[in-house]
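Student: In case you want the letters, here they are:
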Amino acid sequence: MTNFIFVAAIILFSLSIALLLIRVLKGPTLPDRVVAFDVIGVNLISIVAVLSVVLRTKAYLEVILIIAILAFISTIAFSKYIERGRIIDRKPDR
Amino acid sequence: MTENQIVELIAALMVLLGSIMALISAYGILSLPDVYTRSHAGTKSSTLAVLLALTGVFIFFWSAEHYVSIRLVLGIVFLYLTAPVAGHLICRAAYNSEAEMKDGTGENSFRYSSPQKKKNSID
Amino acid sequence: MPVQFLLNLLIAVLWVFLKDADTFKIPDFVTGFLIGVVIIFLMHRFFGTPFYLKRAYSMLKLLWIFNYELWTSSILIMKQILLPSATFEPGTFSYETKLKSDWEVTALALLLMLTPGSVVLRISPEGNVFYIHAMDVKDSKPILLKSIQMYEKIILEVTRP
Chain H
17 MTNFIFVAAI
27 ILFSLSIALL
37 LIRVLKGPTL
47 PDRVVAFDVI
57 GVNLISIVAV
67 LSVVLRTKAY
77 LEVILIIAIL
87 AFISTIAFSK
97 YIERGRIIDR
107 KPDR
Chain F
483 MTENQIVELI
493 AALMVLLGSI
503 MALISAYGIL
513 SLPDVYTRSH
523 AGTKSSTLAV
533 LLALTGVFIF
543 FWSAEHYVSI
553 RLVLGIVFLY
563 LTAPVAGHLI
573 CRAAYNSEAE
583 MKDGTGENSF
593 RYSSPQKKKN
603 SID
Chain S
1385 MPVQFLLNLL
1395 IAVLWVFLKD
1405 ADTFKIPDFV
1415 TGFLIGVVII
1425 FLMHRFFGTP
1435 FYLKRAYSML
1445 KLLWIFNYEL
1455 WTSSILIMKQ
1465 ILLPSATFEP
1475 GTFSYETKLK
1485 SDWEVTALAL
1495 LLMLTPGSVV
1505 LRISPEGNVF
1515 YIHAMDVKDS
1525 KPILLKSIQM
1535 YEKIILEVTR
1545 P
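Protein chains in written order, with the numbering used here: chain H, 17 to 110; chain F, 483 to 605; chain S, 1385 to 1545.
FYI, nobody ran anything at the bench for these hints, they're computed from the structure. In this text the structure is predicted, and so the values were computed from the model without any measurement. Watch out, some of these pointers could steer you wrong.
With a straight-line cut-off of 35 Å between C-alpha atoms, the simulated DSBU-like cross-links for lysine-lysine are [claimed, not checked]:
#1 S:Lys1445 to S:Lys1537
#2 F:Lys584 to S:Lys1482
#3 S:Lys1482 to S:Lys1445
#4 H:Lys96 to S:Lys1522
Given the sequences, and given the hints that come with them, work out the whole structure.
Tutor: Now the structure itself:
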């Protein structure tokens, strides 16, 4: 019974990732796509967590932290690129 | 039903509730008209959905396998702290790069005035 | 303020030593900590600074408000997505705050990000003025202004007790 509920949750999360992919492909401006990517990353974290419950293993729990950190840093890098045109500034004083 | 089974059922229902909220928020990002409103949906309800799902998984691992996994707690705290900040950064980048804002009232008299790309830094 | 906390820890450790058990047990430490709280509460007027648990209590209240705002804002957004009457009008407005230091402005900006229906767009370089984008300007603006004043009061309680 609980196994069935977890499998249904995985299907719903995958459906939401599919809907967000449509927004990534369609979005007229670049910040649209970055917002959708961030939410895709966050949903991917929960799919990995629920999958590790269905398969009864503890080996996938470190992947969650890595995906979270990478999604956050890539969102920051994108927003810095949009604002200024380069990610790492050469001169320290603005 | 034994007590362990009740706790497992509660954890499963939490994960299901989180997945339904994630689906609704994904539909919202698809159908809302503007970049700024989409980032509303992306930071608030999406974060809560995934936090609920991760808490459900944590409770399940605690009761079914007696394994308190500290990595899930770290993931929950990290997501709680950083997802709104990322949403704010992308919203500010969209505003500074003059993305189109669909609004009904004329209340934004300061829009696109003094972009000040040099002074308004990330940190 | 940290003096009170260190004294409390010292009383707890002394209690563990006085109990004279074979190994270090956690319930002994917790009992010592609680006795230290009572002793310092009875003597806190001699220290000159307010009782340090008040600041811990204010921090707990701030955390609880973070959680509560997260839940209410998510429910409001879901209601706005699902109901087919798209009568909300997005708009922006600005707000001038009286908080000064970096921590307070950051905490207020995070709280504003999590309130129902508002997203922080930009903070002015002096750190005083917030530009806020709201989903529904006509309905949410008075509610938001009232909530912001409540947040300022609670944040001031934490940093200047």
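Student: Next step is simple, just say for each hint if it's right about the structure.
Tutor: Here is what the structure says about each hint:
Only pairs whose Cα atoms come within 35 Å are accepted, and Lys1445 of chain S paired with Lys1537 of chain S is accepted, the gap being roughly 12 Å. Distance restraint check for Lys584 of chain F and Lys1482 of chain S: the Cα-Cα separation of roughly 31 Å lies within the 35 Å cut-off, and the hinted pair is therefore satisfied. At roughly 21 Å between alpha-carbon atoms, Lys1482 of chain S and Lys1445 of chain S fall within 35 Å of each other, so this suggested pair holds. Under the criterion of a C-alpha separation no larger than 35 Å, the hint pairing Lys96 of chain H with Lys1522 of chain S is consistent with the structure, at around 33 Å.
In summary, this structure violates none of the numbered hints.
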